[in-house]
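Asks: Okay, here's what each chain looks like letter by letter:
Protein chains: 2
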Amino acid sequence: MSLTRRIFVQRIAQLGGYSAAYSTMQVLGLLPAVGQSTLPKLGADFGKGKKVVILGGGIAGLVAAYELRKAGFTCTVLEARHRPGGRSWSVRAGSTVEFTDGTVQYCDWQDGGYLNAGPARIPSHHTYLLDYCQELGVPLEVEVNVSRSALMQADVLNAGKPVEQRQVLHDTRGYLAELLSKAVSAHALDAELSADDQAKMLNFLNGFGDLNGGKYEGTTRAGFVVPRGAGPAKQVLHQPLKLSELLAADLSKGEFYEEAIDWQVTMFQPIGGMDRIPYGFAKSLGEIVKYDCPVTEITTGEKSVTVAYTKAGTPQTLTADFCVCTMPISVLAKTKNNFSAETQAAFTGMPMTALYKVAWEAPRFWEKDYRIYGGISFLKNTVDLVWYPTDKLFSKIGVIVAGFNSERDDVTGKPTAFGALPTTQAKLDASKAAVEVLHPGHSASLTKPIYINWTKIPYSLGCYANNHLASSDVPYAQLDKPQGRTLFAGDYLSHLVGWQEGAALSAHHAIERIALQMKG
Amino acid sequence: MSLTRRIFVQRIAQLGGYSAAYSTMQVLGLLPAVGQSTLPKLGADFGKGKKVVILGGGIAGLVAAYELRKAGFTCTVLEARHRPGGRSWSVRAGSTVEFTDGTVQYCDWQDGGYLNAGPARIPSHHTYLLDYCQELGVPLEVEVNVSRSALMQADVLNAGKPVEQRQVLHDTRGYLAELLSKAVSAHALDAELSADDQAKMLNFLNGFGDLNGGKYEGTTRAGFVVPRGAGPAKQVLHQPLKLSELLAADLSKGEFYEEAIDWQVTMFQPIGGMDRIPYGFAKSLGEIVKYDCPVTEITTGEKSVTVAYTKAGTPQTLTADFCVCTMPISVLAKTKNNFSAETQAAFTGMPMTALYKVAWEAPRFWEKDYRIYGGISFLKNTVDLVWYPTDKLFSKIGVIVAGFNSERDDVTGKPTAFGALPTTQAKLDASKAAVEVLHPGHSASLTKPIYINWTKIPYSLGCYANNHLASSDVPYAQLDKPQGRTLFAGDYLSHLVGWQEGAALSAHHAIERIALQMKG
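Note that the protein sequences, when read in sequence, are chains P and R. Quick note on numbering: this note's numbering labels position 416 of the first sequence as 421, and the sequence is numbered without any gaps. Quick note on numbering: this note's numbering labels position 73 of the second sequence as 78, and the sequence is numbered without any gaps.
So that you can see chain P by itself, here it is in the shape it has in the complex (with noise of 0.2 Å):
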């Protein structure tokens, strides 16, 4: 930025705060587009004397208890479990996973091996929980969230035979780019086109499908049958997939998966699991953090709350200045407290996603046999993706993701295909069965099966609030609003819910909150 600029943006942040420098500093260009933070700039004295109690100790309660302590207020974190993190919770070795129904899973992987059974990635957009992890010292490592090698399998597709990804995207973007150019070269498009645009167009869409002369005859990018070779060695590409069976496929999520805004490249993860981001946190707060005090009633005021839960079984309170209450609305919705009708309602508003994700250990025959070093294969089953760990990559066992989706519909609350399967063995054979499509005579090779239904695990009962939907909006905007000094916050209360950056967001909102209450 140039010294004129500089000096610009830093009066704008004399006369207008942060905030403003910030938008200032975005309309110049100046910076990129990420996460829009409202944490107030605060010193080291503001919260003196005041007392801050957080309920729940996923991201949105560590990152409130983490930038409020160094305001200077005076915080505890009660958290149910006898771990911080939440949903950010890596499976391995020694965890277990109890469901609501008193089902007892105890993991035994080898060598380190984990299930990010919640978030498992963060895009390099996803500026605030960067930023955490530098200042906590948490090692990231890139997310290979995307391979061109795994597979997409349909079974009108190619005679139901598994095909590797950039067949299926090469040759639709070949017959995308041929339909088109036909479409421009019969006239069909002038009135949309001048014709100097239809020639650079035409131009443009014989490299976008890997055209020759306007017809898509395959490609070198979707990869050969006959692989290249030294000498006299001849190539032989993929004859390309049909039109109509791509079209009756509908592989459309797995080829647009990577375009959400979310999970385009570049991606991280934690070395070691996603868990690693909450211990960071936890370790750095200390005392601050209570385990095993899950809330049983919550009394808001006008100067202060009063929180009652319980330590080893034994009820106790705490009374605080304020509280940011990070507790998922599906437990809330089932604690006693003393809010408005308005937000009681709320909290029943918004569905909770039913997601699960199964995961299994064995040998890594996806990279052996297959060469799929990360990302995501997609199949029109019950169980629609197989997901391939990014860690360890070249070792010789590791953590498939076989199923991660939902068991519901958000919207008409009815089960899917794999929420519909009566027990929890039709679906890891379900899980098994996907693997065993795309990759034919692998799936005997899974073992230690860990399944994780967010819906049935305890404090969490769903996985996230659907905030999406337009029924949302009332319990968002009604949420959003304090109720005396308590402060709703957590990733359901932002724009980027399910994701742990939307989590730190909205700790930073609950803090501008504060601020202002206490600014009066």
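Any given hint might turn out to be false.
For chains that are exact copies, the list does not tell them apart, and a pair is met inside one copy or across any two.
Here are the computed lysine-lysine pairs in the DSSO-like style, where the Cα-Cα straight-line distance is at most 27 Å [stated by the list, open to error]:
id, residue 1, residue 2
1, Lys187, Lys524
2, Lys220, Lys205
3, Lys419, Lys385
4, Lys187, Lys205
5, Lys401, Lys75
6, Lys46, Lys339
7, Lys295, Lys316
8, Lys385, Lys258
9, Lys205, Lys341
No wet-lab data here; the hints were simulated from the structure. Quantities reported herein were computed from a predicted structural model and do not represent experimental measurements.
For this one, chain P is given, so just place chain R on it according to the hints.
Replies: Okay, now just chain R, sitting in the frame of chain P:
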């Protein structure tokens, strides 16, 4: 693979050898289409008592020695330089870069920063090279070849202001989808698509371009002007870039770059620099590799080959049963030999590409201020790309490549705009200018430039022999023929020219032909 299939393939292997089994497995769809190796399975005594002299200690020469030793041959590698690797060369603190014109550059970058002057990436389907890394214990990390946060810039686009790659890609997709939707809806493609396929296509295009009822009105995939936040914060999407500007800008190089088969995700790099691979081979080969031994004459015959060379300036000769000659054709053209006239002609029959790279040490402003972690930005300047390092992400200082392209057109032999610049200083200025266009104010922080011009690197005299040209077919076929007991090898004698995998496959092919000669 199922047991019956496995047995079937084993039977094929017994009858027809590895190569037949491999082809069979490919046809059965049991293996991904990776490099095609013709390395024969030879017993450990096969080459007993036979000497092979290998000219050049780049990847082809090292692989040849490594595999021939396994088969019992007595090998000597004569390497002109005092290091292994040839173009697999990492410049770092302590390296000197000497040009044939006498220019010398000294590198003193900090913190282990390096430039891979030659190959810098390993695609996941270059499986022989990856397997050698595993065998040699060379640790790999993911190389980030694409970042959607990297930039694109053209003067005719967005008033010349750089934009995030995600904008160019997704706005382009949006427009393509909208145009094709219109053409389909206007029945311009009735001859191409059945009514049923048209309906499916329209549905697909809505997803492909993130259309709103067939219209492209921007997409979250292209990122935000005002990013997402918590609470009431409202995000604002980018205004789509103008289609006519996108077409005029022609950023196709950047748009299609990641789709080329050898640049598709997943990609790798050795931790610490590409030369970890040749050093891994060299460590294994020990005394077999003789450094500072430039070859002065090759005399090939029906029973043996005699090579004259110097060692520390002293003339020496070495006679062997076979010679695997991996020297660049540009160097062979100037080396005394008794090859046929056709072979002599072939040495000058393929143009040597004149690739260059310019690298700088700098504080990682691209990560800190732009949140670009790896990947490549593209622009339409004399220097047309800026490549961000993947190694040591999130650290303070890094080596950024500002310029990687050719100094000369391979067909016309004419200098490119960069190649035509009269001085090294002018080239460094062009490199800086590219960074300044993308990252205003930051080119001032670039220090300690290193400029690699392969045409001027002794013992290389060019980057690789371009065998893609139609005019290369005859010299390629000629050099694939043994000259008596001399066999040529190198990436340029493979269909993966410019890649280490091609060099490895070419070494395998040389060994195949040695085995054939021995079997008579």
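Asks: Checking an output row: Lys419 and Lys385, CA cutoff 27 Å. Within, between, both or neither?
Replies: Classified as within: same-chain Cα gap 19 Å, cross-chain 53 Å, threshold 27 Å.
Asks: Within a copy, between copies, both or neither: where do Lys385 and Lys258 come within 27 Å Cα-Cα?
Replies: within (10 Å within a copy, 34 Å between copies)
Asks: When no copy is specified for Lys205 and Lys341, does a C-alpha distance of 27 Å or less occur within a copy, between copies, both, or neither?
Replies: neither (66 Å within a copy, 51 Å between copies)
Asks: Checking Lys401 and Lys75: alpha-carbon separation at most 27 Å within a copy, between copies, both or neither?
Replies: Between copies only: 25 Å across chains, 44 Å inside a chain, cut-off 27 Å.
Asks: Checking an output row: Lys187 and Lys524, CA cutoff 27 Å. Within, between, both or neither?
Replies: neither (65 Å within a copy, 56 Å between copies)
Asks: Within, between, both or neither: how does the pair Lys46, Lys339 come out at a Cα-Cα threshold of 27 Å?
Replies: neither (36 Å within a copy, 69 Å between copies)
Asks: When no copy is specified for Lys220 and Lys205, does a C-alpha distance of 27 Å or less occur within a copy, between copies, both, or neither?
Replies: both (16 Å within a copy, 21 Å between copies)
Asks: If the cutoff is 27 Å on CA atoms, where do Lys187 and Lys205 land: within, between, both or neither? Let me know, please.
Replies: Close inside one copy (14 Å) and across copies (19 Å); limit 27 Å.
Asks: Evaluate Lys295 and Lys316 at a C-alpha cut-off of 27 Å and name the case that applies: within, between, both or neither.
Replies: within (9 Å within a copy, 72 Å between copies)
Comparing the model with each earlier hint shows violations of hints 1, 6, 9; every other hint is respected.
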